[in-house]
Each structure stands twice: as structure tokens, then as C-alpha cells.
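J.: Fit chains A, Y, E, Z and G to the known structure of chain D by using the hints.
6 protein chains.
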Amino acid sequence: MPAAATPLRFSRLLMTGAAGGLGRELRGRLKAYCDTLRLSDITDLGTAAAGEELRPARLEDREAMLALLEGVDAVVHLGGVSTEQPFDLILQANIVGTYNLYEAARKQGVKRIVFASSNHVTGFYRQDEVIDANAPLRPDGHYGISKAYGENLSRYYWDRFGIETVCLRIGSSFPEPKDRRMLATWMSYDDLERLVMASLTAPVVGHSIVYGMSDNATSWWDNTLARHIGYRPQDSSDTFRAAVEARHPTLDPSDPAVIYQGGAFTRTGPFE
Amino acid sequence: MPAAATPLRFSRLLMTGAAGGLGRELRGRLKAYCDTLRLSDITDLGTAAAGEELRPARLEDREAMLALLEGVDAVVHLGGVSTEQPFDLILQANIVGTYNLYEAARKQGVKRIVFASSNHVTGFYRQDEVIDANAPLRPDGHYGISKAYGENLSRYYWDRFGIETVCLRIGSSFPEPKDRRMLATWMSYDDLERLVMASLTAPVVGHSIVYGMSDNATSWWDNTLARHIGYRPQDSSDTFRAAVEARHPTLDPSDPAVIYQGGAFTRTGPFE
Amino acid sequence: MPAAATPLRFSRLLMTGAAGGLGRELRGRLKAYCDTLRLSDITDLGTAAAGEELRPARLEDREAMLALLEGVDAVVHLGGVSTEQPFDLILQANIVGTYNLYEAARKQGVKRIVFASSNHVTGFYRQDEVIDANAPLRPDGHYGISKAYGENLSRYYWDRFGIETVCLRIGSSFPEPKDRRMLATWMSYDDLERLVMASLTAPVVGHSIVYGMSDNATSWWDNTLARHIGYRPQDSSDTFRAAVEARHPTLDPSDPAVIYQGGAFTRTGPFE
Amino acid sequence: MPAAATPLRFSRLLMTGAAGGLGRELRGRLKAYCDTLRLSDITDLGTAAAGEELRPARLEDREAMLALLEGVDAVVHLGGVSTEQPFDLILQANIVGTYNLYEAARKQGVKRIVFASSNHVTGFYRQDEVIDANAPLRPDGHYGISKAYGENLSRYYWDRFGIETVCLRIGSSFPEPKDRRMLATWMSYDDLERLVMASLTAPVVGHSIVYGMSDNATSWWDNTLARHIGYRPQDSSDTFRAAVEARHPTLDPSDPAVIYQGGAFTRTGPFE
Amino acid sequence: MPAAATPLRFSRLLMTGAAGGLGRELRGRLKAYCDTLRLSDITDLGTAAAGEELRPARLEDREAMLALLEGVDAVVHLGGVSTEQPFDLILQANIVGTYNLYEAARKQGVKRIVFASSNHVTGFYRQDEVIDANAPLRPDGHYGISKAYGENLSRYYWDRFGIETVCLRIGSSFPEPKDRRMLATWMSYDDLERLVMASLTAPVVGHSIVYGMSDNATSWWDNTLARHIGYRPQDSSDTFRAAVEARHPTLDPSDPAVIYQGGAFTRTGPFE
Amino acid sequence: MPAAATPLRFSRLLMTGAAGGLGRELRGRLKAYCDTLRLSDITDLGTAAAGEELRPARLEDREAMLALLEGVDAVVHLGGVSTEQPFDLILQANIVGTYNLYEAARKQGVKRIVFASSNHVTGFYRQDEVIDANAPLRPDGHYGISKAYGENLSRYYWDRFGIETVCLRIGSSFPEPKDRRMLATWMSYDDLERLVMASLTAPVVGHSIVYGMSDNATSWWDNTLARHIGYRPQDSSDTFRAAVEARHPTLDPSDPAVIYQGGAFTRTGPFE
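Residue numbers (our numbering), protein chains in the order written: chain D, 1 to 272; chain A, 1001 to 1272; chain Y, 2001 to 2272; chain E, 3001 to 3272; chain Z, 4001 to 4272; chain G, 5001 to 5272.
Treat the hints with caution; some may be incorrect.
Claimed, not checked - Partial selection, computed: residues in chain G whose CB lies under 8 Å from chain Z:
{"#": "1", "residue": "L5054"}
{"#": "2", "residue": "N5134"}
{"#": "3", "residue": "R5180"}
{"#": "4", "residue": "D5190"}
{"#": "5", "residue": "S5219"}
{"#": "6", "residue": "N5223"}
{"#": "7", "residue": "P5249"}
{"#": "8", "residue": "A5257"}
{"#": "9", "residue": "I5259"}
Stated by the list, open to error - Label pairs and their computed distance ranges (CB to CB):
{"#": "10", "chain 1": "A", "residue 1": "A1246", "chain 2": "D", "residue 2": "T47", "range": "28 to 36 Å"}
{"#": "11", "chain 1": "E", "residue 1": "D3190", "chain 2": "G", "residue 2": "E5053", "range": "43 to 51 Å"}
{"#": "12", "chain 1": "A", "residue 1": "Q1234", "chain 2": "D", "residue 2": "E245", "range": "32 to 40 Å"}
{"#": "13", "chain 1": "D", "residue 1": "P86", "chain 2": "E", "residue 2": "D3190", "range": "58 to 66 Å"}
{"#": "14", "chain 1": "E", "residue 1": "G3162", "chain 2": "Y", "residue 2": "G2028", "range": "41 to 49 Å"}
{"#": "15", "chain 1": "A", "residue 1": "A1064", "chain 2": "Z", "residue 2": "F4271", "range": "18 to 26 Å"}
{"#": "16", "chain 1": "A", "residue 1": "D1190", "chain 2": "Y", "residue 2": "P2249", "range": "17 to 25 Å"}
{"#": "17", "chain 1": "D", "residue 1": "D255", "chain 2": "A", "residue 2": "A1246", "range": "15 to 23 Å"}
{"#": "18", "chain 1": "D", "residue 1": "D255", "chain 2": "E", "residue 2": "D3061", "range": "51 to 59 Å"}
{"#": "19", "chain 1": "A", "residue 1": "Q1234", "chain 2": "D", "residue 2": "A243", "range": "29 to 37 Å"}
{"#": "20", "chain 1": "D", "residue 1": "S254", "chain 2": "Z", "residue 2": "R4126", "range": "45 to 53 Å"}
Hint data in this document are derived by calculation from the structure and do not stem from the laboratory.
Quick caveat, the model's predicted, so the values are computed rather than measured.
No residue lacks a Cβ here, since even glycine has one placed at the ideal position from N, Cα and C.
Chain D on its own, in the form it takes in the complex (with noise of 0.2 Å):
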């Protein structure tokens, strides 16, 4: 069970992964929401703005992260490999990167983390199926395997030692829509941001999963079982839906990437 108060404000939260697509964009909407917003990263974090602590730290070296989570209310944890890539790189950096956050957070007593998984983790599901948080998973690559690892993990910080985790099973965040498959993935900034702060703040969380997508009229994935976050999308790929069907016209039925929900990662590798 939890020990320590979730607060709607922060002393200190922590954000791994500030230096990626993700991190830089969430960078400076997160400090809205703390006294002091903690980044880390093993590439450059560039100059630390007013109440920021730039950490750099590699998830694989233990040590380091347990000083990384020293004195940290909350962690959005981003870091990690987010493509499909050879195997010994996802292994460093998101299984055992993974386990050291989560071994750090129980030695500092840090009490809820903000897991950025991905929708990789049921790639294996065809675009004409809808799932939920409950289907079994089909991960679609040495990715999506690891990210799986990190959401069975967190379940067993929460059951063991009380440790709340929201998994993000982020679909895709960009400024807009690229392709047709992105009409139902999507996920604005903005909605990413409601998203974050919706998992780092409701009341009690425990062990949840929630798929990160804004409020398009497409979707393969059924948020019903997590409205306990209160996450309300006010976005939509509708709105970029008429220019990104424009520019692709027709699709490959054939191609595993049109076929499936995980799109160009379930063919991508295997790299030897």
C-alpha cells in the first residue's frame, strides 16, 4: 500500500528521457507543476531553465540512477530506446534500465511513476480489431517485448511494495498525423501533457494502463477500463484527416505495416 501523499503539486518530479521527442516537448509544460522539475538524459540537455536540475545519467548504471531518484516526489519515466533496434541496445537501456529505475524508486521511496510503454507492446493485433487494457499481448518487436517487461514489472513494484504506475501505451505524439495508421494512433501534445499530469495526479492509481491517443474517430483501442484517470482527450487526427489521406491515397493491403497495429515496426529487423 502507499505510504506517501500524491500531491497535485510537486516538490520534485523527475522526467528521464528529457532530451527525446517526448521530454523536450513535455520540458516546459511540466514545470508548471513542480517546484523543481528534475531532467535527465544521457544526451545534452542544454542549459537548465529556472527550477530546473539537469542530471544527465545512464539508465544502465545503477548508482546513477539510484542517485537520480533521490528526493523526487514522482517520476514521467521516457527514457529508454523508443524504436525498434538491436537487441543489446533495448536490453542496457530498457530492461535493465527499467529495473534499476524501478529498484531506485523503492530504495528512495518514491511512490508513483508515469511509464512511458508504447502501443508496440499489442502491435500484433490487425487494425480491425479493438482492444483494451485486459487483451493478452502481442508485442511487435525486441521493443515492444521490452516495454511489455517494464509494464509487468511496475505491476509487481505495485503488488509487492506499493508503488503506483500508470503505463502509457503511447501511440503516436507529433505535432500532426503523418499517415493514414496515425489517424487512429495520434496523440497531440497538448493531450499528452492532460495525459501526464491526469496519471501523476488522480487520487490512486495503483497499477493502470491506459492507451495515449487524442479523441480521433478512428481507434483500435478502448480506454473504458482506465476513465479512473480522468483523462479527457480535447483533440482529434479528424482535423488533419482530409491532407494526410490526400497524400496517400491508396495503401499496400498486403504490406504487414497496413495490416497490423504496430504498422512498420512488425517488419522491421530482425538486424542480423
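T.: Using the frame of chain D, we list chains A, Y, E, Z and G on its own:
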């Protein structure tokens, strides 16, 4: 099978518990849908307005209840104890009283009842679970158990005698949400009126169960199974979210009132 | 697996039943999405507008159907009997006719069909039940059984031959809802167009089933399983609710047309 | 609702398809449960034994069917095409014929029918899936589609006219299992008799669906939903397993007959 | 959470309803599992055998019940009304009485109760339906409603106070099945003993529900959810089937006692 | 899709973990089903018997694994850490090792693997819950998480590369059940052999999950979904029940090892 037609406008509508919080609110509203509004309670009902009939009665008085139901088209049953109280009070008002009401309905030929059940029939589900009307009951006290009794009783009067009931598992109907929990459970008075009237006038309801809540972003209850009622909430606790959160910026995660859907009911009593 | 690309704009689109109620309504609308709109029916189709091809044909005429499907990108199959009728009529138009259509599609290499099924495949569910596309069928007459035949047939052509179908379980598509039942079942013509076009252009549909209804407050059908189609209704029977209810203030609760989702179909026939 | 009592011993029982494989086997067995066993087929039925009535009739002959059902307590309907055949054969025997049978039952007041459906209504499920009677249908050919037609038709005759049916989704009823697939699908003749008699004599069946199989270790079908029938198989394909496996030590895993539950039916046809 | 160990052999076991049909049968059997068997009823309990304590008490007498539970390891609660009776009798014995029992257990620190619920909590399901413990309740009378009350009450005492209960939805426990319905519902006395002892001694039961029946071929209830109890019936109504069927060769299919699982209970009463 | 036939008798079968508890037991048994039994472990394998090939190899040695899988028809993968251990041990043997095994299978064209998963992937379900293979995972430690990794990995190799896997969620395979928990989880060695051989020889398995247990009266796991495997246990913990219970007459109900399915694993570690 029901043998009497359900009209859109009622000749005589009975509302019990008319002097209670919800009763006082609905009193002025329901008059618009009927020629005569019969009102009953054990406490003072004030003066009868045009088209009102005031009929004080104790729910546990079988004869009084039989008389109360005479000549009535339909019933909105709000009467009884509405919080966790010592068993004997609940026994008389909510168990004996509800039995008396349904027996009177059977004898007087009343064919539809809107029964104010409560979310406390499932109050021991966690606040990070989302359930629907088919979830096994987990009442959070003797009050919730008595409402479960009423749900089962009314199911029997439908299966055996063709008396239709809509069970409203009301969340928290107040002028505005008072605390963080009510961001999930709140139902505005306007939405309450919408829900009661939809329940009274839907062509066929058999034995239906619907959670009574507004269109809140945070929710623990899925009303998909009750779409045939035609209830579409127009209000939302989201309007009040910022103010409520400002007043209650932190919560104690070890408090059952924070963990379970039933809130403080889950730690009220026992009284001896 | 499908072998031909599904475009957003079609070279030649075939619509059967083009002289029927929905056909006449869609005729002008579908032209915008294709170079050539081929129209077929057994009754008079009037004069061909620019870009139209008129091809009268009987569904039960196997050779005529084979010719009809030649050179077609996709089919909107509205043809056949659309109400409860004597068995022999339904047999020829809806069973033999649908078989002929799918055989022709197989031989001509047509890869996607939008099939006008009907809510009458589940018409013997009660009006106080909410179902989805996985609910076992309960047809309400020989018409409903013939539509169930078409759904099963099209499932086979997908599993065996890779021909995709979206089965539209159309509720009541009329200019406006005519009675209390249609407050649940109504679909505006604009929403019908949206649904047909979403079904024709969704990247992958395999064999999908979707109920055809507008965004009505009262509903018996849950389209969650079909969100991948991307159909988002814009209209609602709620606009007409007050007028409809005023015209039909009471209903006979012992009438099967009031009790069951299929309405009056559930008490039509038998014809001998 | 049914209006005639279902006895344990019948005055007159009708079995169609009496000259087919299962019919010949059941002919001698069913006589023990009735005073008169009426037998029908389109091919030679031989000489009538004591208590037998021979009534050759074509299923597609409506008048003949009406006469055939006269004075009958219950029907075991085995007649019709029982393998994948050209559509027109299946249409007449299995679609028109089954319609004729149920119409005759309605007119003659027959209240219970045991309908020989087939596992081929779900033949396109994979052999590594376990399904029950609520799984959406996936027929593996026009034969399977025609049996699905019969299941839907009989559901209607129950919902509308109170005629009860047990649909037997028969696997493979032969003296012994012939191949690896039949280790899952086999039903002994003794078990077939048990299943038919349980279906005829269970007090209430409404519209029930049960898979016809012996107590085989390997199985794809879960009959939990049909336990009210009281069918308890006594035989098992396991007795024959070693011999069958010895004769078929390897299988081609790319063969649809190995992959899908329908076996070779899934690759039979099309015939033109 | 429970705080007292559940032993395999009890120091003192309490059985209420000890003078009733099942109580008399279990009296001799339960003695083998405890040092002292405390027996209670409102009617004469005869003479105490070695190791027996006789404690007449009325269930509705709160003080008597408190005394009755003192020093007890576990309870087998068979007491109360066991057939459909006028409401006031059921109210006192089954509602007030069960409340008194659980309050006494709470105050006396008793941690496990085996509660004789009844199949009549789901008696309005049809005899051609198979249900499990998660099916929504459909009681068939005030008796069934009172047992549903006990199930909900005991769920609360588990969720709130950590008192474990196994609810036994007993079918028909008699020396042998008396009629066709009991071919489905029968439980031998030996199986009753097995079920009670498994419920008393299973390491962890929380709040469990199990249908009480022997290994009958015909069944309406699926106990899969209760396999953790370890109840394995050894008897079967099948032994008596031929004799029972011979005595009752026909049934009236319009009789609710034939249609519904609750049998004659579904048409007993109302008493005024 | 698999491209190689699965035989009943193998030319060369590989068993990893051959020096472990289950490996030593299966070594003598599997030889009967193959011409050559290749055995691997990191500890001493003794002397090769006729038809045996001894191939010591470390699972984390990618090249060694590639060589190990050469010329193999199928694999029984028992290797790796089989209890809760420090993370780094589990990481190498169970995560890197299982990855290496599947990559080697892919490169060497091996088409079926029997993977020794564990009940500890769902060890945080309570002992009064009954689950099946579709229940969301709740691992009880890093060992369980690593087995969940293997299940997800093997799902991917099926979806992407057509390599079939049966995941055996083995309970407790020992000569006899040692404690009360094992009355539910025990699997005899004979049943283990039956399960492994059924998994190796079933015609089609795709990606299947089956709990490994004997026919125990007490059970927490429902294998209905895996009936296609054809595993029918012949032994039961019931034989040992009296002796086990006599040795462990009481249990501490506050011990996680008593409450949760994972037993003592749920309170092992953390190791730092």
C-alpha cells in the same frame, strides 16, 4: 409482463422521501410531468402547491404504504435512510419499507418504480477500478446492503409480477462536488432530473440498473448496459475541478475513503 | 489476404438496390467519391447522370450478376428485399442473390463490399438490452434470417478468399424518426453517407460488423468493436424527440413491437 | 412458450435423412424410445421393421414435408446435404428444406426438433483455439453456411413460435477416428445416441447449441453452456490415438486442413 | 485480513439449524472434525452426545447470538427459514438473524463462516441456461432474496472486517432426487459433508460462492470459479435417473416450476 | 506460418536445463520419442547414454546457443534460473538466454519450442481466485517477470516468424506435494511427461499457454483454453492430501505465502 401502458405524462406520480435532500430538489421539477404529484415523507412536507398531494407515511407501516400507492401511475422511491446508520434504523426503513412499497405496488397495480439505489452497493471496489452493472456487488456497509436488498427485491417483482424498476445507483447529487471523490461521483440536480424522467418514460425498462452521475472526466462506472434508458448527462464535475483540487491538494493514500469507491462510508461504523 | 489496394477515390463503384429508398438517397452522394458510379436495380433507374452507368439486373440471375461486377473496385450492396415478405421472395433476392453477388466478386476480383445487413438479425433482443456485434444472433423473421445468411456468407468470403466486407446493421434510415422505437434506431441520411464512406475507405476492415445509427441518446447497440471503421455520427434523433413523443404519448407494453428491438417485424407474418 | 409436453417416450418420432450414415446407425437405436419411428429420406429406406413407418420425401417439397410432420411428437432432422457441394444442391436441401421442415412443424404443432447442425459453422477457427457456442460463427463453406442458416432459423422458431430446438454441431461420427483431426472431433455412435436422446428428453431446451463429440482428450469445443442437456459422453478417441498417430506420423503445417478446425472442408471448392 | 489460523481440526465448531433436515444429517458427521460440536436451533435438539454442546437460541435474539458465538473457531450456519414463507418470518430468521450472527462473529473474533445460501438466489434463470457465481442475482422469492442478503452481508464482513465466508448455494440435498428437477440440483449427504468440510478447511477462501450439487450429468451451474475450495463430488443423480424419469415421464412445459431453475419456488406465494 | 512438419517422433530433440530437477527426470523419458536426444546445461551432465548428445552451453553465450540449435527438430527449454534470485543472474540466464535461444531457433529453422514458463507469472493472484491463460499477468518476483518476458518473446516469434511455442506454466513438479499449497499446484513427473509430449506433438499449437498441474481437486487454474493440446493428467495430489494436511494442520493466514498463489516467492527478496 407489464399490463399497463407507461405514459410520457402521468396522471398521478408518487415521490417518497419528498422532504429529503433530493426530494426537495425534485419536488418542483417533477410537477411538470404529471397532473398530480403525490408526496410522502416522515418529516414535514410544508404546504401543498397546486397539483400536489401531501401524504405523510412511515415506510414500515404496511397499511399506510398500501394506501399511499393507491391510484398511482408510477413511483419515484427516494424514501428511507440514506447514510450508514445503526442496523435497526436501516432494517425498518430500507428493508421492511422497500418490501412494503413493492407489495403495495403489486396490490395496487402500479407497474413502474424508479428506485433510488446507491453506488454504495459496490462501494468496496477500488477507485482505480471501472465496473458496470453486472459486476458482483461489494456493499460498503449496512446501508449499501439494504440498497442491494432493494435491487434484488425489485428484480423479483419484475421476474414474477412484471413490475418494472430502474435502479439508480446514485453517486453524489449536490449543488456542486465537495471533494476529490465527488469529481468522479457527482451528479448535478439537472442531470438527476434527466435521469429520473428518462427512467420513468423509457418505453421498456424491465429491471434496469444505471449509475447516477454527470458527464465527469473521472469515472469508475460504465453505463453502456443502460443506454436503452436514454439518459444523456449535460453537466460535468470538470467545471469545478480546479476549485475542488485547490481545496484538497493532498490526500492520504492509506485512508480507505481515498482507496475505495464508497469513500468515507467504507470506514463508518460499526455503531456498537 | 486482400491483393488489391483500397483507394479513397474509386474508379468504378457499384451500388445495387439503387432504386430503393436508401439507394435513391445515396445515388447523388456517392458520385462524389468515384469516377463512375454503376447503378443497378430491378426497377426503373431513370436517366443516367454524368458519370453514372445504369445496369438493371436481377440478383437471382447469376450471369447478370457476373457481368455487373466486371470492372468494379468496390460494391455497396443495398439490393434485395428489405422487409418481412413471403419466404420465396426473400430466398431469391437475399439468399440466392447475395450468393451470386459474392461469387461474382470472387470471379471478378472485387476486394471490398459494403453489405446492407439489418438490425433485424438481432431483432428478438429486448429493448432493455444493449448488445454488440458479438452477441449471438436472434433474427426476427425470414428477412432477418436472410441478412444473417449474408453476414455468414461474407465472413466465409473473407476467411477463404480475402474479400473484405463491412456489414452494416442498419437501424432506420429515414428523413426523420417516425415513432418511439426510431428514437433508438434512427440514422440520418448524412450519417448513412458517412458510414458507407468510412466502410469503403478504412484501410483494413477484414470482416467487420457495425450498427448503423446516429448519435442517439437512447440506444440498444454498442459499436465499440467497430471503432476501427472511423464512423462518427453527427446527427441525433434527440432533435426530434419531443415531437415524436408528443405524437405517441403512450405505448402498449404487451405489444411485441414495443418489447423487442425488431419492432413490428417481430409480429409480421407468417404469410401462410 | 411451448404448449405440448415433452415425454420420455414418444408416440411417434420422425427421423429425416434416415438412409444416410448417421440415420442408418440411429434407426435401430431410436426405435426403443418410441411407439412408432417414422423414417424419411430421398433414397431407398429398405423394408419397414416392426414399429417403423417409411415415408420417402424430398426436403424441398413443401407439401410432402407438411404431410411428413403430421402426427409427430418430435423430429430428429438429419436430412440434407452433409458435405461441401455445389451451391444449388445445398440451397434446395439445406435452406429450402430446413425452412419447409420448420414451417411444417409450426403448422402441425410439433414442439421439439433435434437439428443436425455441424462443426463446420465454426470451421474457420484455428485448431489451437477453444470456443463455445457463443463464439461468432465462421463457416468454412456453403455447407457450413447452410447449417448456420438452420441454426438462425430455429432460433427464430423458438423466439416467435415456441418450437424448441437443440442444434447438434456434430464433429465426426464414424466407427472410429480416421485421422489426427478426428482425435478432436470424433463422436462414437453410442455417444451420438446419448446426445440425441438427451436432446429429445431434457425437460426444457429452448434453443440450445451443443457440440457433438466424445470425451476426447484433445478438444476445441467447450460444452459448458449446454450442461442442462445432460449429455455425458462415455467414449473417447483416446482409445484409438496410438493407432491413428501411427498411420499419420507427420502433418503438413501449411495445409489449411491441418490449421483450421474445419479440416479439409476449408479447402474444398469452389466448384465453378 | 484474517488474523486467526484456520485449522484442519477445530477446537469448537458451531452449527446452527442443527435440528433441521441438513443439520440432523451433518450432526453426526461434523463431530469427527472437532473437539466440541456446539449445536443450536429453535426446536428440540434431543440429548447431547459426547463432545456435543446443545445451545438452543433464536437467531433474532441478538444477545443469545452473541453468547452462542463465544469461544467458537468457525460456524456452519444452516439456521433460518429454508422455504418460501411469509415475509415476516423470513425477515426475522434470515435477515435479522444473519445480521446477528455476523455481528456476533465480529465481536467474538470468529474468522470463518460457512453460510448455507441457496440456489434460489438465482432461481429465475431458465433451466436451459448455465450460470456461474458471477451471474447477476435473480432470486425467486423472499426466501431467495433473504439468502442474497446474506451473501451481500458476508461479502461486507470480508471486505471490511476480514471474516471469511463460503456461501453454499445448495441445490437439493436429500437421500435421493425426488423429481426431474433434482436430477440437476441434487447433492448427496456425503457430498454435502465433503463440501462443508472443504469450505471449512481450505487455506484461504476470502468470500467465495459455490453451488452445492453432486456430479450430475445435467447441471445448470458452473463451479469453475470455486475450484480453490477443493470440493470434488463423488456421487451423482445419474444413479437415480431411470427411476426418477419412470415416475415422472411427462412434464408441463408451461409450468414455471419446469421452466425456471428455482422450480416450484417460482410460483409459491404471495401469501397475502 | 510454420513451414516444417511436426512429427510424432523426432530425429533430434534438444532439452536445455538437462541437469536440473525436471531435466534429470525427463532425460530418461524423452529418449523414447526421438532418435537423438541432445542435452545441454551449464553443470555436469554425466555420461551420454545411447542416443544422447551432451552439449554443455551457457544460455547467455549467443554463439554457443546458435550451435546448440543446429540440426534440431524441436526444443524443450527448461534451462535458466528457476527460483527468485538476484536480478543479474536472472537477467543473463532467463532474459538474454531466452532471447539467444529464440534467435538461434529462427536462424536454424527450428519450428517448435516447449518453453518452461512458470505459475509465478501470475503469482500475485490470491489463492481464492481461479484464473485462466487470458488473465493479465501479475508476476511475483524477478523470476516471474523473466518468465513473462519469455512468454511475450515467444508470442512475437510466432506472430512474426511462425515459430510455435507452448508455454508451460508449471506449478510444482516433485515426487510428491510437500505442503498445503502444492495440493493445488502439484504435477507428477508422469503428468509432466504427458504434458511435454502433448505439447511437442499436437498438430497445431501456434502460441499456446497451459498451466502444468495434475488432476488436483483444489486448483486455481482453468486450462479450458488449452484443450487443443490434448493434455489429460492422470495423477492427483489428492492421494497425498491426508498426509500433507497432517504435517501442516494450521497455516498463518497473514502470511503472503498462504494468501497468494505464488506462495513463498511473493515474500522472497529483494536481495539488496
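J.: Determine for every hint whether it applies to the structure shown.
T.: These are the hints, each one checked on the structure:
1. L5054: violated, 42 Å
2. N5134: violated, 14 Å
3. R5180: Holds. Min distance 6 Å.
4. D5190: D5190/G check fails; min Cβ-Cβ to chain Z is 20 Å, beyond 8 Å.
5. S5219: holds, 4 Å
6. N5223: Violated: closest Cβ of chain Z sits about 11 Å from N5223/G, beyond 8 Å.
7. P5249: holds, 5 Å
8. A5257: Constraint on A5257/G not satisfied, violated at 10 Å.
9. I5259: Status holds, d = 6 Å.
10. A1246/A / T47/D: 28 to 36 Å: Between A1246/A and T47/D, where Cβ atoms are some 33 Å apart, the hint holds.
11. D3190/E / E5053/G: 43 to 51 Å: Cβ of D3190/E to Cβ of E5053/G: about 48 Å, so the range 43 to 51 Å holds.
12. Q1234/A / E245/D: 32 to 40 Å: For Q1234/A and E245/D the Cβ distance comes to about 34 Å; the hint holds.
13. P86/D / D3190/E: 58 to 66 Å: Between P86/D and D3190/E, where Cβ atoms are some 60 Å apart, the hint holds.
14. G3162/E / G2028/Y: 41 to 49 Å: holds, 47 Å
15. A1064/A / F4271/Z: 18 to 26 Å: At 20 Å between Cβs, range holds.
16. D1190/A / P2249/Y: 17 to 25 Å: holds, 23 Å
17. D255/D / A1246/A: 15 to 23 Å: Since D255/D and A1246/A have Cβ atoms about 51 Å apart, the given range 15 to 23 Å is violated.
18. D255/D / D3061/E: 51 to 59 Å: holds, 52 Å
19. Q1234/A / A243/D: 29 to 37 Å: Cβ of Q1234/A to Cβ of A243/D: about 34 Å, so the range 29 to 37 Å holds.
20. S254/D / R4126/Z: 45 to 53 Å: For S254/D and R4126/Z the Cβ distance comes to about 48 Å; the hint holds.
Of the numbered hints stated above, those contradicted by the structure are hints 1, 2, 4, 6, 8 and 17, listed in ascending order.
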